[in-house]
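Undergrad: Fit chain B to the supplied structure of chain S, relying on the hints for placement.
First to last, the sequence lines map onto chains S and B. Each residue of the first sequence is one higher than the one before, starting from 5 at the first, in our numbering. Each residue of the second sequence is one higher than the one before, starting from 73 at the first, in our numbering.
FYI, nobody ran anything at the bench for these hints, they're computed from the structure. All figures in this text were calculated on a predicted structure; none of them were measured in a lab. Note that the Cβ used here is the ideal one computed from N, Cα and C, for glycine as well. Honestly, I wouldn't trust all of these hints.
Straight-line C-alpha distance at most 25 Å; calculated PhoX-like pairs for lysine-lysine [said to hold, decoys possible]: (1) K130(B) to K141(B); (2) K114(B) to K141(B); (3) K114(B) to K28(S); (4) K114(B) to K82(S).
Here's a subset of chain S near chain B, in silico, CB distances under 10 Å, partners left out [stated by the list, open to error]: (5) E15; (6) E18; (7) Q21; (8) F37; (9) G46; (10) N54; (11) I59; (12) F78.
Which bits of chain B does chain S cover? Going by a derived footprint, with three or more residues having C-beta under 8 Å, they are [to be verified]: (13) 101-109; (14) 115-125.
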Amino acid sequence: DAGVIQSPRHEVTEMGQEVTLRCKPISGHDYLFWYRQTMMRGLELLIYFNNNVPIDDSGMPEDRFSAKMPNASFSTLKIQPSEPRDSAVYFCASRARTGRWVSPLHFGNGTRLTVT
Amino acid sequence: ILNVEQSPQSLHVQEGDSTNFTCSFPSSNFYALHWYRWETAKSPEALFVMTLNGDEKKKGRISATLNTKEGYSYLYIKGSQPEDSATYLCASLGGGADGLTFGKGTHLIIQP
Numbered sequence: 005d006a007g008v009i010q011s012p013r014h015e016v017t018e019m020g021q022e023v024t025l026r027c028k029p030i031s032g033h034d035y036l037f038w039y040r041q042t043m044m045r046g047l048e049l050l051i052y053f054n055n056n057v058p059i060d061d062s063g064m065p066e067d068r069f070s071a072k073m074p075n076a077s078f079s080t081l082k083i084q085p086s087e088p089r090d091s092a093v094y095f096c097a098s099r100a101r102t103g104r105w106v107s108p109l110h111f112g113n114g115t116r117l118t119v120t
Numbered sequence: 073i074l075n076v077e078q079s080p081q082s083l084h085v086q087e088g089d090s091t092n093f094t095c096s097f098p099s100s101n102f103y104a105l106h107w108y109r110w111e112t113a114k115s116p117e118a119l120f121v122m123t124l125n126g127d128e129k130k131k132g133r134i135s136a137t138l139n140t141k142e143g144y145s146y147l148y149i150k151g152s153q154p155e156d157s158a159t160y161l162c163a164s165l166g167g168g169a170d171g172l173t174f175g176k177g178t179h180l181i182i183q184p
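One chain only, chain S, in its complex shape (with noise of 0.2 Å):
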């Protein structure tokens, strides 16, 4: 299995663009999260799908952020307009549903968004 593919790896924009980060989990994957990590606030939880469905979108910082998960096998994190402040590192991770509360999440390789 290829793991959890994330894409693109760094993107840099000016403050005002708009920005799409994307993620493929691993198939047959049941949950996918999208994380934020910062200095000062470490891994912070954004939105979380279970079958393709939002269920949680709490950690959403705001409404210029969004999220969407079109079929079992994508998702996108979008920002518009980014600010300076949204500069970070962004994950997305993929869980299975099988031995719910035991199944460890698996990680992407990040996107860090640099916005200037």
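TA: Same frame as chain S, now just chain B:
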């Protein structure tokens, strides 16, 4: 939102020495406690998932214990090696939600 705390924030250990660090989490509505190892320029990788009070897990020189009644877990590394240098994250699953809440990690540096 769960509050997961890890200590110390960073730790310098001499090669060959053993070490341990702590994760504290809310004991109410507890479901599971995860430990992850995160090496620089890589993504976090799961070490252990524990659910039962008194649970102990071991993988090579690394082991972990869990106390769900008082809300803490310890991670132990025996005979530290340079390749153990990484950030160790713990995360709690509870409150009826499926999203893990992570601590900020313990950054471990093994000095040769």
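Undergrad: Against the structure, test the hints numbered earlier, and report the numbers of the ones violated in rising order.
TA: Numbers 2, 5, 6, 7 and 12 - these are the hints that the structure violates, sorted from lowest upward.
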